[in-house]
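**Student:** Listed below are the residues making up each chain.
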Amino acid sequence: DAKTTQPNSMESNEEEPVHLPCNHSTISGTDYIHWYRQLPSQGPEYVIHGLTSNVNNRMASLAIAEDRKSSTLILHRATLRDAAVYYCILRDVYNAGNMLTFGGGTRLMVKP
Amino acid sequence: EAQVTQNPRYLITVTGKKLTVTCSQNMNHEYMSWYRQDPGLGLRQIYYSMNVEVTDKGDVPEGYKVSRKEKRNFPLILESPSPNQTSLYFCASSSTVSTGTQYFGPGTRLTVL
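If you read the protein sequences in the order shown, they are chains A and B.
Per my numbering, the very first residue in the first sequence carries number -5; after that it's consecutive.
Per my numbering, the very first residue in the second sequence carries number 665; after that it's consecutive.
Only chain B is shown next, with the shape it has when bound in the complex (with noise of 0.2 Å):
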């Protein structure tokens, strides 16, 4: 089945220590990006990856650092946490960057203390 796969789904932490939120794809998708939904914001692009080894900013990368070593996998990494960063955030793929349309993982709801 083509899905995109988040881990881990639910997740509470305290601010500074360092995590990872996976997130991989089968659909050979050369596009990746990560979304953060807040209420009353919307969904807000972090980062983005065109292809393996190429990535780039979105609205609101502050915070967050991704990479791209595999065309399936693209890890947000949150080098230290903090309370605003508390969101629910979503992984996407597409095949193709100017008009594919994007599949959304299931999400990750990440809670700072």
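In isolation and in its complexed conformation, chain A is listed as follows (with noise of 0.2 Å):
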């Protein structure tokens, strides 16, 4: 699978937007971006995933960028238990071993 590139952390002030960007300039037209969270003492949480569309959840948006080398998880207004590693992983669509390749991932510091 392709690599991914992610800031080792960010901060954010709680209630306010934050964008978590990915890079991933050697993705394959096969490759699902997908982003997965892992709060403290926990296991890793799917969050989104997306092909070439932008994707909206509960939890989060994803915007893809028409070239589709870097992405970006919005999360709309960050709450203190946001606080967590952001993981940005691409999955090739026929990796038979569903494995998912982590990252450092973003570790996400919310302020209140």
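Source of the hints: derived by calculation from the structure; they are not laboratory data.
Given the structure is predicted, the values throughout are model-derived calculations rather than measurements.
Ideal Cβ placement from N, Cα and C applies to all residues, glycine included.
Among these hints, one or two may not hold up.
[Unchecked claim] Here are the simulated lysine-lysine pairs, DSBU-like style, with alpha carbons at most 30 Å apart: (1) B:K735 <-> B:K681; (2) B:K735 <-> B:K682; (3) B:K733 <-> B:K721; (4) B:K682 <-> B:K729; (5) B:K721 <-> A:K(-3); (6) B:K729 <-> A:K(-3).
[What the hints assert, rightly or not] Okay, the calculated beta carbon distance ranges per label pair: (7) B:V718 <-> A:H13: 38 to 46 Å; (8) A:I68 <-> B:P770: 22 to 30 Å; (9) B:T679 <-> A:G98: 26 to 34 Å.
Assemble the dimeric complex from its two separately framed chains, guided by the hints.
**Tutor:** Below, the structure written as structure tokens:
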């Protein structure tokens, strides 16, 4: 699977929007973009995924660049509970092992 | 409630003493897998299973065994644990192999002395 690059950490104020960037310049046409997060002392949690079009769900929005070489996870109103490590992951649709390759992720800190 | 459960959550053992970490899911998922998480190395896949009686190696299978006799259960077996298997272990499941989202268990923190 292609590699992703994320900032090591970001800070946000509570109740403000947060934009978490991810670069994936070597993405292939069959790679889905997945976002997971891991809260302290918990297992990773699925947030959102997409292929080409922007996606929205109850947790977040995913904005995908037109050339698909970057994407942004948007938390519309950060809460203290959103403090976590956020992972941007590419998964080839033909990945037989369904393996998720977790990189370093972005540690999001939310200030009250 | 849809969930993946793991037991035990914490385990301290000694080198060479066989142990099993259980994983169970109640979502009727075909796919299950095991990861280990180590500082600086992220999460790495150990084994996965696409369905009952179908298992395959992930990135770091050495020293581990798995079995998938029932759809809901996917135990991780350490026949002869060693200190380098001290880690945080996560079980995960998903409904579709190619694009499904994965649900992770709460983790098992294993210490091998």
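**Student:** If a hint holds in the structure, say so; if it doesn't, say that too.
**Tutor:** Now the hints, each set against the structure:
For the given pair, B:K735 sits about 27 Å from B:K681 by alpha-carbon distance, which is consistent with the 30 Å threshold. The straight-line distance between the Cα atoms of B:K735 and B:K682 is roughly 24 Å, inside the 30 Å bound, and the hint therefore holds. With a C-alpha separation of about 17 Å, the suggested pair B:K733 and B:K721 falls inside the 30 Å cut-off, and the hint holds. Restraint check for B:K682 and B:K729: satisfied, since their Cα atoms lie roughly 11 Å apart, inside the 30 Å limit.
Distance restraint check for B:K721 and A:K(-3): the Cα-Cα separation of roughly 21 Å lies within the 30 Å cut-off, and the hinted pair is therefore satisfied. Taking the CA atoms of B:K729 and A:K(-3), the gap is about 29 Å. The hint holds against a cut of 30 Å. Separation of B:V718 from A:H13 is about 41 Å and conforms to the stated range, judged on CB atoms against 38 to 46 Å. Range check, A:I68 to B:P770: about 27 Å between beta-carbon atoms, so the 22 to 30 Å window is met.
The hinted window of 26 to 34 Å between B:T679 and A:G98 holds, with their beta carbons roughly 31 Å apart.
Of the numbered hints listed earlier, not one is contradicted by the structure.
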